[in-house]
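Protein chains: 2
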Amino acid sequence: MTTPRVALDAMGGDDAPAATVAGAVQAAREHGVAVTLVGRRDELQQHLAAAGAEDVIEIVDAPDVVEMDEDPVAALRAKPRASVRVACQLVADGAAGAVVSAGSTGATLTAALLGLGRLPGIRRPVVAAVLPVSDRRDVVLLDAGGTSDVYPDVFGGYALMGAAYAEVLGATSPTVGLLNIGVEPGKGNALAKSAFALLDQTAGFAGNVEPGDVLCGAVDVVVTDGFTGNIFLKTVEALATLEQREANASALVLGVGGAVLVAHGSAAAPDVARALRRAAQVGRAGLASMVARRLAEKEAT
Amino acid sequence: MTTPRVALDAMGGDDAPAATVAGAVQAAREHGVAVTLVGRRDELQQHLAAAGAEDVIEIVDAPDVVEMDEDPVAALRAKPRASVRVACQLVADGAAGAVVSAGSTGATLTAALLGLGRLPGIRRPVVAAVLPVSDRRDVVLLDAGGTSDVYPDVFGGYALMGAAYAEVLGATSPTVGLLNIGVEPGKGNALAKSAFALLDQTAGFAGNVEPGDVLCGAVDVVVTDGFTGNIFLKTVEALATLEQREANASALVLGVGGAVLVAHGSAAAPDVARALRRAAQVGRAGLASMVARRLAEKEAT
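So the sequences go chain by chain: G and V.
Position one of the first sequence corresponds to residue 9 (our numbering), numbered consecutively onward.
Position one of the second sequence corresponds to residue 9 (our numbering), numbered consecutively onward.
Hints in this document: simulated from the structure, not taken from any laboratory.
All clues given are correct.
Just so you know, same-sequence chains aren't split out, so a pair can sit in one copy or run between any two.
The calculated lysine to aspartate or glutamate pairs, modelled on DMTMM-like cross-linking and capped at a C-alpha distance of 25 angstroms, are:
1) K87 <-> E192
2) K201 <-> D79
3) K201 <-> E75
4) K201 <-> D161
5) K87 <-> D69
6) K201 <-> D157
7) K201 <-> D22
8) K87 <-> E75
9) K87 <-> E51
10) K201 <-> E78
11) K87 <-> D50
12) K201 <-> D77
Generate the whole structure from the sequences, applying the supplied hints.
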C-alpha cells in the first residue's frame with residue numbers, strides 16, 4: 009500500500025491554525041508526508057504564505073469550527089461544513105487515507121462516525137492509545153478519552169477491538185485487563201464491578217489491573233471508561249513531559265471505517281508533525297482495516 | 009502535645025502480619041515510636057519473639073480480620089472484634105492517639121466512622137493524600153481512594169476539608185481544583201459536570217484541572233471521586249516507584265473524630281515504619297483536630 013495523503017483538521021487544537029499549519033509544513037518538508045489542510049481557506053493561506061509553503065500543501069475549505077466547549081453531536085449537526093467533519097469526508101471520498109485532529113475528541117469521534125460509519129458489531133467507537141511501558145511490549149489503552157459516560161456493555165467491544173489492535177501491533181494471544189483500584193474481583197466503582205462481571209466470560213481476560221501493573225506491562229490491553237482512561241493517560245504523559253521524555257502524541261480511533269487519529273488539544277507544531285507522520289504510517293500499513301478484519305474474525309468465532 | 013501512641017492494624021495489608029510487625033519494630037527501635045499492635049495475639053507474639061522485640065511493643069488482641077474482598081460495612085457489622093475496628097476503638101478510648109491500617113481502605117473508613125464518629129457538617133469522610141509536586145508546595149488530593157461511587161453533593165465537603173488540611177499544611181487562601189479531562193466548563197463525565205456546577209459557587213474554586221496542572225502545583229487542593237483519585241494517585245506512585253523515587257506512604261482520613269492513616273495494601277516493613285512515624289507526627293501536631301477546627305470556622309462563616 010502506498011503512503012496515503014493525510015487530511016488535517018487545521019482548525020482543531022488550542023493553537024490552531026498556527027500550530028497545525030506549522031506542523032503540516034514540518035511533516036511535508038522534513039518527512040515527505042502529503043497533507044491536506046482542512047479549514048478556513050483565507051486564514052490557512054496566510055499562514056502557508058508566511059511559511060513560504062503554498063506549493064507544498066493543499067487546502068480544502070471548511071468555514072466552520074467545533075469549539076472545545078460545544079456539545080459534539082449538536083455542533084456537528086449544526087455545522088455540516090465543520091473542519092473535522094470535512095476532513096473525515098475526504099477519507100470517505102477516497103481523497104485522503106487518514107485524518108488527524110487536535111480538536112475536541114468527542115467531535116472527532118462523532119465526525120468519524122458520521123463520515124466513515126461504524127464497523128459491524130461495534131456499539132461505540134473508542135479512542136485507543138499505545139503506551140510504551142517497557143522494552144518488552146506496548147500496551148493498548150482504551151478508551152483513552154472518547155466517551156466519558158458509558159454503560160458496562162461497551163466493555164466487551166472495547167476488549168475485542170483492543171485485542172485486535174494489539175495483534176496488529178505484534179502481540180500473540182493478547183491478554184486484557186480492566187483498569188481498577190485493586191486486583192481482587194469486587195473492587196472498584198459500580199461501572200468497574202459490572203464491567204468485570206461481563207468481561208469475566210471473555211477469552212484473554214486477565215482480571216483487574218492497577219496502574220502500576222499496566223505500566224509494568226502485565227497485560228497487552230487495558231480497558232476502562234473514557235474519563236478514567238483519559239485521566240490515566242494524561243497523568244502518564246504529564247510525568248513523561250515533566251521529565252522531558254517524549255509523551256504520546258496521538259491515539260487511534262477504533263471501530264470506525266477509516267484511519268482517524270486524535271492528537272492533543274495542546275499539540276504544538278512538532279506534535280502535529282509527529283501525528284501526521286503516524287497517520288501516514290497507520291494509513292500505509294492499513295492498520296484500521298487490519299483491525300477491522302481481526303475484529304470480524306473474532307466476532308465470527 | 010506529646011507524641012502519642014500509634015495503634016497499628018497488624019492484620020491489614022498483603023504481607024500482614026509479617027510486614028506490619030517488622031515495620032512496627034523498625035519504627036519503635038529506630039525512631040522511638042510507641043506502637044500498639046492490634047490483631048491475633050498468638051500470631052503477633054510469635055513474630056515479635058522472632059524479632060526479639062517482645063519488650064518493645066504492646067499487643068492488643070483482636071481475633072477477627074476484614075479481608076480485602078469483603079464488603080466493609082457488612083464485614084465490620086459481623087466482626088466487632090476485627091483488628092481495624094479495635095484499633096480505632098483504642099483512639100476513641102484514649103489508649104492511642106492515632107491509627108494506621110494497610111488493610112482495606114473502605115474497612116478503615118467504616119471502622120473510623122463507627123469508632124470515632126464523623127465531624128459536624130460532614131456527610132462522608134474522605135481519604136486525603138499529599139502529593140509533593142514541586143519545590144513550591146504540596147497538593148492535597150481527595151478523595152484519594154475512600155469511596156468510589158458518590159453523588160455530586162459530597163464535593164462541597166471535600167473542598168472544605170481539603171482547604172482546611174491545606175491551611176494546616178501551610179497554604180494561605182488555598183485554591184481548589186476539580187480533577188478533569190479538560191479545563192473548559194462542561195468537560196468530563198456526568199459526575200464531574202455536576203460537581204463543577206456545585207463547586208462553582210465555592211470560595212477558592214479555581215475550576216477544572218487536568219493531571220498535568222495538578223502535578224505542576226496549579227492548585228493547593230484537588231477534589232475528585234475516590235475511584236478517579238485512586239487511579240490518579242496510583243499512577244503517580246507507580247511512576248515514582250519505577251524511577252526508584254520514594255512513593256507516598258500513607259494518606260490521612262479527614263472528617264472523622266481522630267487521626268486515622270491508611271497505608272498501601274502492598275506496604276512492606278519500611279513503608280509501615282514510615283506510616284507509623286507519620287501517624288505519630290500527625291497525632292503530635294494535633295492535625296486531625298486542627299483540620300476539624302478550621303472546618304468548624306469555615307462552616308460557621
